[in-house]
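Trainee: Please model the entire structure based on the sequences and the hints provided.
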Amino acid sequence: MGGGAWEELPAAGEPVMAREASGGGPLETRGGEEPPAVDEPTGREPVTAADPAGTAAGADERFLSALADRIAIGAASVVAVLDPGCVVLGGEIGHAGGDVLAGLVAQRLRRMSPLPTEVRAGALGGSAVLRGALLTARDRAQDTLWSDPSRSPVPS
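For the sequence shown, my numbering assigns the number 1333 to the initial residue and increments by one for each residue that follows.
Rather than coming from a laboratory, the hints here were simulated on the basis of the structure.
You may find that some hints are simply not true.
[Said to hold, decoys possible] Derived CB-CB ranges, DEER-like:
#, residue 1, residue 2, range
1, 1393, 1456, 24 to 32 Å
2, 1477, 1413, 34 to 42 Å
3, 1457, 1401, 16 to 24 Å
4, 1461, 1414, 12 to 20 Å
5, 1456, 1401, 22 to 30 Å
Remember, it's a predicted structure, so these values are computed and weren't measured experimentally.
All C-beta atoms in this analysis are idealised placements derived from N, C-alpha and C, irrespective of residue type, glycine included.
Mentor: Okay, here's the thing in structure tokens:
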């Protein structure tokens, strides 16, 4: 798994034993493979990976509720094992769904888990992992450049 994506967790309604660990990518990508059942009760066009943020941002309450059901299943699995205290709904969907989606996921998580877990909407959209990597690289480069050369792991 890369960058905190939960791509290998089973999704709601997905046959767990029949699914192979294919590394198919994050929720946005897997959601575009075939129209998810979440679209059927809303009468909306099927969600594709082309514009997940636009779909979540313009979604009606039923769509966000069904999406929150699916996200909560994955989040409950992680919370049960790691007890993180906080789950951030990152990526395009988490950013576009905002506080409304985060609140719906939090409600479901409270019903599914006795562990207190805050749920927040991500603020950076799909670029959070890239931004974090760039900041980490910058910090390490600065540490290397400005540190005492006698303590450097790089031979002089």
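Trainee: Against this structure, judge whether each hint is valid.
Mentor: These are the hints, each one checked on the structure:
no.: 1; hint: 1393 <-> 1456: 24 to 32 Å; verdict: holds, 25 Å
no.: 2; hint: 1477 <-> 1413: 34 to 42 Å; verdict: holds, 39 Å
no.: 3; hint: 1457 <-> 1401: 16 to 24 Å; verdict: holds, 23 Å
no.: 4; hint: 1461 <-> 1414: 12 to 20 Å; verdict: holds, 18 Å
no.: 5; hint: 1456 <-> 1401: 22 to 30 Å; verdict: holds, 25 Å
Checked against the numbered hints above, the structure violates none of them.
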